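Q: If you follow the hints, you should be able to join the two separate chains into one complex; please do so.
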Amino acid sequence: MKQEALTKDNFYTSSTPKSGKKADSKLRRRQFFDRLARGFIFTFALLAIGIIFLIFVYVAREALPLFLGTAEEASFASSFTAPFTWQPVSSVPRYNVIPLILGTFKVTLIALLIATPLALAAALYTAEFAPTWVREWIKPAIELLAGIPSVVLGFFVLVVMASWLQSTFGFHFRLNALTAGMGLSLAVIPIIYTVTEDALSAVPRHYREASLALGASAVQTARLVVFPAASPGIGAALILGFGRAIGETMIVLMVSGNAAILSLDPTVPARTLSATIAAELGEVVFGSGHYRMLFLLGTILFVITSVLNWAGDRYNRRLREKLFGPS
Amino acid sequence: MRTAIDRTFVGLTFVATLIILAMLGVIIGNVIFHGKDRLSLEFITTAPENGMTAGGIFPAIFGTALLVLLMSLAAVPFGVLVAIYFAEYSRRDSRLYRWTRMAVNNLAGVPSIVFGLFGLGFFIQTIGRGIDRGLYGGQLVYGQPSILWAAMTMAVLTLPVVIITVEEALRAVPQDYREASLALGATRLQTIVRVILPQAWGGVMTGAILAISRGAGEVAPVLFTGAAYFLPYLPTHANDQFMQLGYHVYVLATQSPNVEASKPILFSTVLVLLTLTFLLNVTAMLIRNRMRQWATR
Chain A
1 MKQEALTKDN
11 FYTSSTPKSG
21 KKADSKLRRR
31 QFFDRLARGF
41 IFTFALLAIG
51 IIFLIFVYVA
61 REALPLFLGT
71 AEEASFASSF
81 TAPFTWQPVS
91 SVPRYNVIPL
101 ILGTFKVTLI
111 ALLIATPLAL
121 AAALYTAEFA
131 PTWVREWIKP
141 AIELLAGIPS
151 VVLGFFVLVV
161 MASWLQSTFG
171 FHFRLNALTA
181 GMGLSLAVIP
191 IIYTVTEDAL
201 SAVPRHYREA
211 SLALGASAVQ
221 TARLVVFPAA
231 SPGIGAALIL
241 GFGRAIGETM
251 IVLMVSGNAA
261 ILSLDPTVPA
271 RTLSATIAAE
281 LGEVVFGSGH
291 YRMLFLLGTI
301 LFVITSVLNW
311 AGDRYNRRLR
321 EKLFGPS
Chain B
1001 MRTAIDRTFV
1011 GLTFVATLII
1021 LAMLGVIIGN
1031 VIFHGKDRLS
1041 LEFITTAPEN
1051 GMTAGGIFPA
1061 IFGTALLVLL
1071 MSLAAVPFGV
1081 LVAIYFAEYS
1091 RRDSRLYRWT
1101 RMAVNNLAGV
1111 PSIVFGLFGL
1121 GFFIQTIGRG
1131 IDRGLYGGQL
1141 VYGQPSILWA
1151 AMTMAVLTLP
1161 VVIITVEEAL
1171 RAVPQDYREA
1181 SLALGATRLQ
1191 TIVRVILPQA
1201 WGGVMTGAIL
1211 AISRGAGEVA
1221 PVLFTGAAYF
1231 LPYLPTHAND
1241 QFMQLGYHVY
1251 VLATQSPNVE
1261 ASKPILFSTV
1271 LVLLTLTFLL
1281 NVTAMLIRNR
1291 MRQWATR
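Protein chains in written order, with my numbering: chain A, 1 to 327; chain B, 1001 to 1297.
Chain B on its own, in the form it takes in the complex (with noise of 0.2 Å):
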């Protein structure tokens, strides 16, 4: 009686299991299955042609590249500092460790529409349109949507995966590290950046990692910084707009207007967007278990 009971429970959680991985299996098998023709060299080197029923996304890679890659150089940076000071200066009991981390921690649940509100708010109306009264005249430069805006928004969004991911890796560097160092008369900033940061790389690169896989597929906070519908051109200057991957899935779904011809198109788009993140995950992962295996040895 009481195996009977036991057995079904145990089979109904695996049952449970099953269904979230088979609804990960439909989605992926989904997209390969409808967007594996379309795809090819040329549709990720092309821009679109013929109001987006034929041709490639070229521009929308592009975008998105461009758009991660300053995003980073923001969020690495500033996640790294703060999470050097989680890991290596603050003080539990402290007042101010315990307002960042609330801070940090409330960050990460902002929801991403909320993001691109403040990206509007601030680093357009109030920034852009400073450096635009101060610097041009009040001419409309900087005080627009452009890909130098979007990605300060989805810096600030990204800042806590970055802070998370670090934190960790610096946490798993053993206490000896950091005491054989200052033993031999080293100050603290030297230990930091000769001893532990090294040390730590790997999460470093993590944290890299899941923000830029984030930032490629986050749609909401750019949709009024910076996201283009459709743009002849590249982006080449800091206040031009740009064509990004998940905008570009949102407006063919949504938008386009022949949506049955654009529909192979949007299932490539789409396989391409879910490859990227999914090898950026993936690799992300692979580094994380390097870097626990050897925290255990």
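So that you can see chain A by itself, here it is in the shape it has in the complex (with noise of 0.2 Å):
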């Protein structure tokens, strides 16, 4: 065996040649088992990005008659166009997705408008002008937060605050699209608060030394330095967060009410598209054109909640250029 040069592509598997047949076979042996273990750990990486297919492609089978017509009761058509019902379970089942997309987004909205102003102006805060002992503080505190269940933050607002929510603000229901958006808001505060601390804390410290040379004080280095440069970070952050919110089932699930109604009024009842699914899946026909419409909804889900978090994924990637240049 002739000692090979060392390059870029054999540097892990080239070695020293050693005299004796034993040495060989040995080497031989230590070599097969590398490549195989090589091949064996790409297949499982080519496995990950099977596994995202095979979620969307057996989501979206179940809802596949729909669109080719074939399911009883409901088709793809009529769920976007008049009369605007869900009525699953009545002697005529009406299927339209409109009311629950617009109390999915009702929703939403008012989680990430309770949340964002918290979680962006916490996340300065943080990065900026909290001393260090603070910092090493609030940082694990809300990844507590983080870290409390939905079930949990669902029957928190459930059992404790919605009644009084209701007797604070003299709500005509208990369980309506604000209290939800509230309830909603505390899993969203997390993911805005980490990614734009995160931001935050990418922006290299010269920025902040120049700025502060120049006779500006910290908060208007913090404000007009600071947070532009980090600033789509911060937009991945709100994407982000929104993508969270849209799929967040349980929580929605328990206080939001469940009342597929057709109306702009935050203070009514709303169905969203997860807590759809949660509340009829469970007593649904295996097949049955209700059974397909649930389905039609998580791909729908699935593929808003794709395009969110690959937007995300991009702010994210052009805040790391606008730092630190193309990588």
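Where hints are given, some of them may not hold.
[Unchecked claim] Short derived list, chain B residues pointing at chain A, Cβ under 8 Å:
id	residue
1	V1010
2	L1012
3	T1013
4	A1016
5	I1020
6	M1023
7	F1078
8	Y1089
9	I1113
10	G1121
11	G1217
12	E1218
13	V1219
14	N1281
None of these hints come from the bench; they were simulated from the model.
All of these numbers come straight from a predicted model, not from anything done at the bench.
Just so you know, even glycine gets a beta-carbon here, dropped at the ideal spot from N, CA and C.
A: Written out as structure tokens, the structure is:
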């Protein structure tokens, strides 16, 4: 065996030849296992890609008859055209997704309106103004908030907050879109906070030093230099928060009131896409039009969150490029 | 003038932070205050009685433990392998890297209820029914909701958590270690197994713990894949249904036959679930901090 030159491609597999047949076969065996492991690991990387396709395929497949027009009582076209009612359990079932989409966006928008100012301000405080020891307490605390299961947040709003909110604000309905939005904001705050805080911390120190050296105050530096520099990351934070809010299930299922009402009023109950699936799939007849409609809702959710996720990723990449140059 | 505006601004951001922390405090305080009285050794070791207005929550704790155990057996090895790909094998300009990265990021953002649909459509209707047709002559054995399929569904959901945590730990191992090992004639496989993985052990632990904490609390994916409202027996087979802590909270809060009577039990159940997830999360944080200290030393 001739010793080969060391190049980038054989860096790992090339080895100094040893004399004797025994050493040679041992080396070959090692190299064989090395290659085997490499193939094994690449297979799992491919499997990770496969899973995301499988999810889409197996969720969309159940909804496919709606598009082909072979499902009973429901079709893709009729789920977007008038009459705009979602009445799955009636003598003449009606499956229209418009009230559900409206409900979803209503609740999501309320949640974002509450969560965004709080989370952005808190991230700004943590990254720019807080003393180090305070920062070391705030970040784990918000991680704990992120770790609270959503069913617990739903429980808290339902059992503890809802009645209090109703008597304070005089809601006609105890459970409504506003209550759900408030509950949902608890789940969204940690995401927006974490992504924003990461973006602000990624801004190099010399940005701040240059600004301070020019006579700007710490607040001016934060507002006019650091925040704009981190803006793509903040865009990513809002998009990812939006995605999380749209897909969140247990909170809205428990506290939104679950009535599919076509209304923009935030104080009436709302029914979201995710809560509809959760509430109805348990009692549905396998293969029925209703069953297929619920999978269509799932497909819509999957597509929306995938697009949002992809957009969030792009914004995050743009942040890195902006701060550290193209990679 | 400028200092006044500055102070107001800092003050406002501080107040926002306080509001968030206060909400966390109110939730925890409230649950502890209302949940502590009912909590006892008996509560966590006995089964619900009297239509869930008396007794404990042992079956739910047992079911959750079994669920996360089965889930980890699938999610941790799979996640570690993908993390090894990312940290040790991938080239950043390759197509496989970009696609895998995109898939994992996307997976992390898929709503949990969609995982539930996937579990039902894929694991139960396709794999489970397939096994039944092939091995049991069409008899319903695996083609129905069970702890096995719930655990597999949960494993897919927690996979990104494991991957991201382990990858971070692998990347924290200094490059010198790899070079030294390779220079001594070890193959890449030997380097990973004998040098890098032992160094990144804490990361694997953290990944598993975070996945378990997530799996213990998620409800939406198990709604249709195996969680049961109430079961008089404990799950002993892979195709048994099970009770889960998070689902139990949901059931007690929304579908209890007697809401007022089950309220104390509800609060105590939430206290148990919260304590569990907090303990897991704090453990993960401590291990991670320890690791970061090592990395900078």
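Q: Please name the hints from earlier in the document that this structure breaks, with their numbers sorted from lowest to highest.
A: none
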